[in-house]
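Read off the chains here:
Protein chains: 2
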Amino acid sequence: MLLCEIGNTNIHFYKKGANWRKKANIKNISQIEEKFYYINVNEQLKPKLQNLSNAVDLEPFIQIDTAYKGLGIDRIAACKAVDEGVIVDAGSAITVDIMAGGLHLGGYIMPGLFALQECFGSISPKLDMPINPNTPLDLLPQNSLEAISYGAVKPVILMLKESQKDKKLYFTGGDGKFFAKFFDNAIYDGSLIFKGMLNAIQEKGIA
Amino acid sequence: MLLCEIGNTNIHFYKKGANWRKKANIKNISQIEEKFYYINVNEQLKPKLQNLSNAVDLEPFIQIDTAYKGLGIDRIAACKAVDEGVIVDAGSAITVDIMAGGLHLGGYIMPGLFALQECFGSISPKLDMPINPNTPLDLLPQNSLEAISYGAVKPVILMLKESQKDKKLYFTGGDGKFFAKFFDNAIYDGSLIFKGMLNAIQEKGIA
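From first to last, the protein sequence lines stand for chains A and B. Using the numbering used here, you'd call the opening residue of the first sequence number 8 and step up by one each time. Using the numbering used here, you'd call the opening residue of the second sequence number 8 and step up by one each time.
Derived by calculation from the structure, the hints in this document are not laboratory data. Hints should not be assumed to be uniformly reliable.
One copy or any two copies: either way a pair holds, since identical chains are not told apart in the list.
Taking lysine to aspartate or glutamate and the DMTMM-like style, the derived pairs with C-alpha atoms no more than 20 angstroms apart in a straight line are [unchecked claim]: (1) Lys76 / Asp196; (2) Lys168 / Asp145; (3) Lys174 / Asp145; (4) Lys76 / Asp145; (5) Lys202 / Asp135; (6) Lys133 / Glu210; (7) Lys133 / Glu66; (8) Lys22 / Glu41; (9) Lys168 / Glu91; (10) Lys172 / Glu41; (11) Lys133 / Glu50; (12) Lys76 / Asp135; (13) Lys22 / Glu210.
Owing to the predicted nature of the structure, the values given are computational and were not obtained by experimental measurement.
Okay, chain A solo, but in the shape it has when bound (with noise of 0.2 angstroms):
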C-alpha cells in the first residue's frame, strides 16, 4: 500500500516501512500509475489529486477529538499515531501538539531554524548570516552568530520541556532529529504521519 503526504514543497511516500520523497508538482503525482492514499495541504495540487481515479485522500477519515479549530490535517494524522505524548513535526514551522489519552489538549507554533534565520536577516543585514544549530547552549554568546543561533535554538528546547512533563516526546519533521538529542524520553520518527494515516486505514477498514 502506497502512501502519499502532500505539502508545500514535497511530496513524501511511505510503502511497507520505507519511505522517501520528491518534489510537490503535478508531475510527480501524475507518474504514480497504483492506488495511493493521500493527504494534502497544497492547494494547487488540489484538483488535480480530485480527479485521478487512483487517489484517495484520507482527510475525511482521520479524526481526533480535539476543540481546537483549523488544525491541518497533517497535524491531525501525525497525533492519530500517538494517544498519549507530545508531537512535535519540526520542518518549515514547528507546531506541538499535546495528546492524553486518545485527546488533543491543543497546541502551538514556532518558526523552524530556516524560517528564523531568514527572520534574523529581514531584522538587520549584520544579522543576515546561516544560524549555527550548534552553538552551545550552556555558556552565553559572545558574538552575533552565536547570539543569534542561542536565540534561534534554545527557546525551542526550554518550550518543549515546559511541554513536556512526565510525557513522552515525538519528534517528526526534517529538524526533528536534530531537536530530539536534547532530550530524554523522547524518539523521532521520519514516519509518525504515516503511521497515523495507517492507523485511520484500519480503524475504518477503508483500505
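Mind docking chain B on chain A? Use the hints.
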C-alpha cells in the same frame, strides 16, 4: 544637553528627563541647531553626522568590559546604565545582555514580535495574521491565531526567566513595557540607553 539615539527607523531624543522620537532621516538631523551628543547605528546617516559641527559621536567614549565581539553601540550604551542585571531591549529584535559586577557576561538575540509575525506569514498564508500578544499563556491554544501568538510570546518569557535567576530585569524598547509585566523584580525604563550615554559623558568629563 540634547542626546540622540539614531536607529534605522527612528531617532530618539532625550533632554532633561523627557524623551521623544522622529523618523530617521537627514532633515530631522539637519534641523537640530544646538550641540548634541549621539550614538548611531544607521549607516546611511553616518557621513551626514560626521560633517555636522554641532554633533558629537559618543561611540568612542562608551566602553564596557566584555569579551563579546561586535556588540552594537545601542546595546553597549544600555549596558553602561546597569552594573548588575539583565537588560532587555525589545524592539524589531529582542536583545538580551547580562551584566554582573559591571562586567558584560554576554548576550543573545531573538526576533521581536512584529518580525515573528512577518516570519509566520512567510511560512504559510494560513499563518499570515496579526499576533495577539494578550493571548492566554496558561491554556493550550485552540486555533491558529492562539497557536502562533503563544508560540511567539511564551518562548521569549521562558528565555528571560531562565536568564533572570536572582537578577533584576531592565526592559527598554517598544515592546519592553509589554514584556516587563510578566516579571517580578523588573522595571521598564524607556530612557535606559540615554542613561548609559549620560554615564559615559560624566565618566569621561566630555560635556
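Against the structure, the hints come out as follows:
no.: 1; hint: Lys76 / Asp196; in the structure: neither (26 angstroms within a copy, 40 angstroms between copies)
no.: 2; hint: Lys168 / Asp145; in the structure: both (15 angstroms within a copy, 15 angstroms between copies)
no.: 3; hint: Lys174 / Asp145; in the structure: between (24 angstroms within a copy, 18 angstroms between copies)
no.: 4; hint: Lys76 / Asp145; in the structure: between (38 angstroms within a copy, 18 angstroms between copies)
no.: 5; hint: Lys202 / Asp135; in the structure: neither (38 angstroms within a copy, 30 angstroms between copies)
no.: 6; hint: Lys133 / Glu210; in the structure: neither (53 angstroms within a copy, 30 angstroms between copies)
no.: 7; hint: Lys133 / Glu66; in the structure: between (44 angstroms within a copy, 18 angstroms between copies)
no.: 8; hint: Lys22 / Glu41; in the structure: within (12 angstroms within a copy, 75 angstroms between copies)
no.: 9; hint: Lys168 / Glu91; in the structure: within (16 angstroms within a copy, 28 angstroms between copies)
no.: 10; hint: Lys172 / Glu41; in the structure: neither (44 angstroms within a copy, 59 angstroms between copies)
no.: 11; hint: Lys133 / Glu50; in the structure: between (36 angstroms within a copy, 11 angstroms between copies)
no.: 12; hint: Lys76 / Asp135; in the structure: between (36 angstroms within a copy, 16 angstroms between copies)
no.: 13; hint: Lys22 / Glu210; in the structure: within (19 angstroms within a copy, 71 angstroms between copies)
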